[in-house]
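Heads up, my numbering is the position in the sequence shown plus 23, with the first residue counted as 1.
To be clear, the hints were calculated from the coordinates, so they are not data collected in a lab. Check each hint, because a few of them may be wrong.
[What the hints assert, rightly or not] Capping the alpha-carbon separation at 25 Å, the derived lysine-lysine pairs in BS3-like fashion look like this:
| hint | residue 1 | residue 2 |
| --- | --- | --- |
| 1 | Lys310 | Lys325 |
| 2 | Lys123 | Lys89 |
| 3 | Lys145 | Lys127 |
| 4 | Lys112 | Lys181 |
| 5 | Lys89 | Lys145 |
| 6 | Lys375 | Lys346 |
| 7 | Lys392 | Lys440 |
| 8 | Lys112 | Lys214 |
| 9 | Lys195 | Lys181 |
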Amino acid sequence: MKLKPGEDNLKVAVELAEKSINAFPNSSGASYALSLLQDIRALSLDIAIRGYSIPGAPIDIVYTSKNIDTLYLTVYPLTINETQHVDIKKPINYYQLLNKTPIKSWIRKPVSVDDYRIHMLKDSLDGLPIGDYILIAQNRPITDTLNQRLINKFAMFKVSGMVVSRRSLPGKINEFKVFESRNGLPLKGVKIEDERQSIVNPLTNAEGYSSIKQASENYNTATAILGRDSIPIFLNTSYGYGEDDEGETKILLFTDRPIYRPGQEVFYKGLVLMEKSGSNTIIAQQKVTVQFLDVNSNELSKAEKISNEYGSFSGSFTIPTGKLNGNFHIETEFGQIEVRVEEYKRPTFEVKFLSSNEGYLYNDTVRVKGTALSYAGYPIANAAVKYTISVSNRQILDGMATTDDEGIFQVAFFPLKKDELAYRANNYTVKAVVTDLAGETRSASKNLELSDGGLTISSSSYEEVLFIKKEKEVS
């Protein structure tokens, strides 16, 4: 019997195999048919989950299964010792794990379990606090460990507020940069500790950097530690098992906040890494195409970026109005991030730049102050301020600040004049985006004119200034 494409071939194969066995039970054909039935009816299960997740953020899970009608899912917490030194595959360790109190247990039912095919089921786990966890998936309740048809799979994962990149410098120096996993901002005060604890390592500075000299090639890992949070760092890319694989490029993306409104600007930052033999190495001068997609995956905007010497790039997109709200995406070839867009709400505060009589000069620190005040008159304190400096529509600087108890923030930068022979006056634009503790965002811009001196004379004719004897006021 010839099976046509599109027919339920596996079901037909089962019927034919059963008929063959019943018709000639002791024949070699029956043996082949029995082997075929065992393969078709065999259980299979696999789970995929990201190895690292952001605290409090939903965690995506994908199950692939065959001939399983119910999945029993359980999440357990793990200690550092269990993640590093305990083999969960050993029955004694697995049974000890089941005696723990689970974080969460739930059930999922795959679709079309009677067609003998492999099916994929997507799921999501509510955000978890910082820590190490294991997800166990079974076709039987978690306490059923003796059933002959039992099949289970597990996946370990970590929830961390940190992302660490590493690069090797001459002299066996390892340089690290530690980012906040939610928004990509540098983390200060993170301790980098090698596995033998044989050297005293400095803490990361305000830019998130720390560098240590590798005392020996005999240790392969270090750990970044900040309070209860820790994350392993792999120092060597070769472990004596032959040549390394080619590695995998990945891009980590961050946005400045979790929720946006139509018409707002989304600031993003990306980090380009090469994951090879468990180690992440930054990639500089990497061309990256960044797309902004709506809820239907239609392209709204696109930008071309090149990673800097630290492997990072940044930019912004404006969310259009009149679009269906929901989950937008910022996407690259090697990674993406979700952008949640919700309906506009009536603003509760406004942002203004304070007026100043000061002149702004090249080769001098320029300071601009702004304020965030509610419409009721009280200051917006402890709000995050994201600012950008642009000249001639080209962004040259960005940074972060925080409003004080009076709702005031300050932006400071040092404009350099490269050509000392030419007179130059440029219009600089300072833009500040303020986000309060409730997630509401407001912005303001201020134009500054910088010049070489403190006085600028403008006139329609030089003769009017030089040759008219009558005194005139010049401003």
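For each hint, the structure was consulted:
no.	hint	result
1	Lys310 - Lys325	13 Å, holds
2	Lys123 - Lys89	29 Å, violated
3	Lys145 - Lys127	17 Å, holds
4	Lys112 - Lys181	19 Å, holds
5	Lys89 - Lys145	15 Å, holds
6	Lys375 - Lys346	29 Å, violated
7	Lys392 - Lys440	23 Å, holds
8	Lys112 - Lys214	32 Å, violated
9	Lys195 - Lys181	29 Å, violated
In summary, the numbered hints that this structure violates are 2, 6, 8, 9.
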